[in-house]
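Protein chains in written order, with this note's numbering: chain A, 1 to 133; chain B, 134 to 885.
Hints are computed from structural coordinates only; laboratory data are not their basis.
One or more hints might be untrue.
[What the hints assert, rightly or not] In silico lysine to any residue, SDA-like type, Cα no more than 25 angstroms apart, as pairs: (1) A:K81 / B:E344; (2) B:K346 / A:R102; (3) B:K833 / B:L807; (4) B:K346 / A:Q95; (5) B:K346 / B:V594; (6) B:K855 / B:L809; (7) A:K81 / B:A316; (8) B:K346 / A:Y93; (9) B:K485 / B:I684; (10) B:K855 / B:L530; (11) B:K346 / A:Y107; (12) B:K346 / A:Q131; (13) B:K346 / A:A73; (14) B:K194 / A:Q121; (15) B:K688 / B:R532; (16) B:K346 / A:E51; (17) B:K346 / A:E77; (18) B:K194 / A:V122; (19) B:K509 / B:Q482.
[To be verified] Below, a sample of chain B positions facing chain A; criterion: calculated Cβ distance under 7 angstroms: (20) L201; (21) I353; (22) F384; (23) A390; (24) L611.
All C-beta atoms in this analysis are idealised placements derived from N, C-alpha and C, irrespective of residue type, glycine included.
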Amino acid sequence: MNRYPLAEHDPDLRAASGRRFADITYEAAISGELTDADLRIHAETLRKQAEIAESAGNPQMAANMRRAAELTAVPDEELLKMYDLLRPERATYAQLIALAERLEGVYAAAETGRFVREAAQVYRERGLLRQEA
Amino acid sequence: MADQSQVARSRRFLALEGRDINKETFVTPWAEAGLMVVDSPYDPAPSLRIENGRVVELDGKAEADFDLIDRFIAERALDLTVAEEAMSIPSLDIARMLVDIHVSAETVRRLVFGCTPAKLVDVMRQMSPLEMMMGLAKMRVRRTPANQAHVTNWREHPALLAADAAEAALRGFAEAETTVRVARMAPLNALAILIGVQTGRGGVLTQCAVEEKLGLTLAIKGLTSYAETLSVYGTERSFVDGDDTPWSKAFLNAAYASRGVKIRFTSGTGSEALMGHAEQKSMLYLEARCLLITRGAGSQGVQNGSISCIALPEALPGGVRAVLAENLLASMLGLEVASGNDALASHSQIRKTAKLMLQFIPGTDFIFSGYSAVPKKDNMFGGGNFDADDLDDYDVLQRDMQIDGGLRPIFEEEALAIRRRAAQAIQAVYAQLGFPPITDAEVEAAVTAHSSDDLPERDLVPDLAAADGVLASDCGLLTIVRALHAGGFPDVARNVFEMGRQRVAGDYLHPAAIFDRAFRVQSSINDTNDYAGPGTGYRLTGDRWNEIQSIRQAKAPHDFIAAQQGSPAPRLAEAGQAYVGTMPEVVIAVGPAFGTALVRTINGLDHEAVLEALLTGIASEGLIGRVVKVYHTSDCAAIGHVAARLSGSGIGIGLQSRGTTVLTRRGYAPLHNLELFPQSSSLTLAIYEQIGRNAARYAKGEAPPPVGVKVDNTARLRLIVKTALLHRRETEEVRRDQPPVELRFDWEPALP
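Based on the provided sequences and hints, a complete structural model is requested.
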């Protein structure tokens, strides 16, 4: 069982870089030892937070945190592009399916992939896809 | 001859027309246009049909007709394991559970998760504002209430932003939000308030309201620690006009969380009507749909309470109640609520304050989703319903009601000190990063400024180039931490660094999370609202209550009467027991503290000068005045009664040390009198002389016109504490068994 807050109770807490939470220190920041990845959340931490949300009776938030855990693997630029594709009339059905496949294949983001497929289906029914040229 | 066709105007109606309330806009409801807060005849009745684990009918609509929003709610928001049970319970029963202290928040919430939008609205329809406030006190997710600040200025001056943000943090705001006048300034404005709040109080969360993609970029860089610009709408057309769908918004929610950044959605009554796509539905029904999207997307919370559309529901009957209902609905769904009160909603101070009470008294996670910590004209969100000019009022409201509204009173010296530190910190960071310099003169102006009028002109063009540079480079949180450290602000640097470090833990992604000054997270998970009636839940006590009481305007009781105390009057001396006179005289009886424990009246008249005036008046009518001091009572009527009893003429003047005077006649009932002067603060020496003259004329058997004294309607309001304390001091001198004594007053009237 994960005890909340993890910052106080999780001895295994690590940054995306793998650096232990306890080693993310001000001194290390000043000396130039830390990089941006040392201040990024690890997918595993988001999964633990998802479990905390789940046991607090919030399955929707837990699902969001699991999608977030998957998205930690996606680079910033691409993440912004993915969001853009999901906005109304930005993508064809095929493009959305390709996005879902990329999420599932490249980033092992099964839950997010399923989420994008659901969107593609609804967008098609509601006429929110980009018209093919 | 007057024109008969001209209708007479009531002067009262003309006066009313000049009042602030009549600058407002009021409109009669029009359901077809969505100009109706609840009960549109086009709102669906609650319904839900589930077949094989799928929702096949939602609020009267078959699955085939589901729009984007129906689909999202059906797929992602409703808890189908409890939905049939919840929908079968009468709405009135659920409404009663909300106000029943014996029913826990958890019990209510389990059912709420199975309610459709129309069902949620139907529950609200059963409730009065008072009942909704009771519900909100119970359903709010975080036990401890908090508040959010808006910090902007039209000059987009970095030193002023930093100084105002630091002061806001010192004042207790748990979050600060900025925005831009010129969109490109976003990175620098975000930077300024980040440094400002972390100077003022470590752990305050910050955000910069801009376009979604830019907002995410700022968050990824660590320039902001949360965002709340994720607007959702209750109709498909409004959503698409907002250039999003529930799926794109939910994806963005996950994107922020993947970078460890807290996110709050935004919705509120009136937005769909304003965008022309209300589909004939009531505002509250559409808001219920928004809230289910928010829940379904897995968001931790929402800012609602109409937000920037607030003037629209407030133009309609029941609008303010509906706004409270939407706050309550959000909390019922387990969402953090930043409950509006932000955008300019009313010209009337009465109306805006009355509306605030609906959130202030029950308490919400953030009572304001932006209290303008700057003056209105510097508020780039479009005004601010409450602003920097109202800060003292707000502190007093907390003190009046013993309610934690999230703020604390501060002193001028600490405000100046923290503003200087923050302005110097941003100056140092600009210097370290090679941004256009912030001069010492700009820093000094920011320290003492009230508004951006107090700041020198700053060239925006190089600032904008620097802002572009931040986005183009890898300048991020670590860059800022190192710049602060190198610039001599390691304390601020540590706080900024800790904000970055907390992202790694992700604890503040949970509902209603804030940080205390030790960076301990407080959210619905570990600061769960456990309100269950009197004696439970959040109580304002102990240190926090002391802090809220200690407004800088409060004086120690002793200070109120310091001006009335001093060396005993040198020309007054006691001369044995008082006697019953036989001469045609007027006796002046004074209270037990007169000329000794107290030496001046409430408005600062020297006691000896008051006696001189009274005796001059008596002498001007050819009579003699005699002064006695009463010890057995401090009551004005009783003192006057003694004066009349001892007076040879039967006419006496009773004079309390604070100056209150009565003119009376022997034989009158204790509370009857010839003339009473209860408002001591209005009495001047000239009036005292007239009182003396009238006393003498009564003694001669004449019937003078009563002395005219102006009535000051605010005197009681201004002076009641002082009056009470002066009376208390006089009463302290009472000696029950001591008879009245003669007073020798070493003074002779200047006879004409």
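Taking the hints in turn, this is what the structure says about them:
1. A C-alpha spacing of about 15 angstroms is found between K81 of chain A and E344 of chain B, which places the hinted pair at or below 25 angstroms, so the restraint holds.
2. Pair hint K346 of chain B plus R102 of chain A holds up; C-alpha atoms about 21 angstroms apart against a cutoff of 25 angstroms.
3. About 14 angstroms separates the Cα atoms of K833 of chain B and L807 of chain B, which keeps this hinted pair within 25 angstroms; it holds.
4. Distance restraint check for K346 of chain B and Q95 of chain A: the Cα-Cα separation of roughly 20 angstroms lies within the 25 angstroms cut-off, and the hinted pair is therefore satisfied.
5. Of the pairs offered as hints, the one joining K346 of chain B and V594 of chain B holds, with about 23 angstroms between alpha carbons and a cut-off of 25 angstroms not exceeded.
6. Restraint check for K855 of chain B and L809 of chain B: satisfied, since their Cα atoms lie roughly 20 angstroms apart, inside the 25 angstroms limit.
7. At roughly 21 angstroms between alpha-carbon atoms, K81 of chain A and A316 of chain B fall within 25 angstroms of each other, so this suggested pair holds.
8. Annotation: proposed proximity of K346 of chain B to Y93 of chain A holds, straight-line Cα distance about 23 angstroms (limit 25 angstroms).
9. For the suggested pair K485 of chain B and I684 of chain B, the alpha carbons sit about 23 angstroms apart, so the restraint of at most 25 angstroms is met.
10. Only pairs whose Cα atoms come within 25 angstroms are accepted, and K855 of chain B paired with L530 of chain B is accepted, the gap being roughly 22 angstroms.
11. Between K346 of chain B and Y107 of chain A the alpha-carbon distance is near 21 angstroms, which keeps this suggested pair within the 25 angstroms criterion.
12. As the CA atoms of K346 of chain B and Q131 of chain A are separated by approximately 24 angstroms, the hinted pair is consistent with the 25 angstroms bound.
13. A threshold of 25 angstroms between alpha carbons decides the hint, and for K346 of chain B with A73 of chain A the separation of about 18 angstroms falls inside it, so the pair holds.
14. This hinted pair checks out: K194 of chain B and Q121 of chain A have alpha carbons roughly 19 angstroms apart, not beyond 25 angstroms.
15. Between K688 of chain B and R532 of chain B the alpha-carbon distance is near 14 angstroms, which keeps this suggested pair within the 25 angstroms criterion.
16. As the CA atoms of K346 of chain B and E51 of chain A are separated by approximately 29 angstroms, the hinted pair breaks the 25 angstroms bound.
17. Between K346 of chain B and E77 of chain A the CA atoms are separated by roughly 10 angstroms; this keeps the pair inside 25 angstroms, and the hint holds.
18. As the CA atoms of K194 of chain B and V122 of chain A are separated by approximately 17 angstroms, the hinted pair is consistent with the 25 angstroms bound.
19. With a CA separation close to 14 angstroms, the supplied pair K509 of chain B and Q482 of chain B stays within the 25 angstroms bound.
20. Because the smallest distance between the Cβ of L201 of chain B and any Cβ of chain A comes to about 5 angstroms, under 7 angstroms, the interface hint for this residue holds.
21. Hint on I353 of chain B holds. Least Cβ distance to chain A is approximately 5 angstroms, under the 7 angstroms limit.
22. Annotation: F384 of chain B was flagged as interfacial toward chain A, and the flag holds, the nearest CB pair being 5 angstroms apart, inside 7 angstroms.
23. Taken as an interface hint, A390 of chain B checks out: its beta carbon lies about 3 angstroms from the nearest beta carbon of chain A, inside 7 angstroms.
24. Below 7 angstroms, beta-carbon pairs count as interface contacts, and L611 of chain B has one with chain A at about 6 angstroms; its hint therefore holds.
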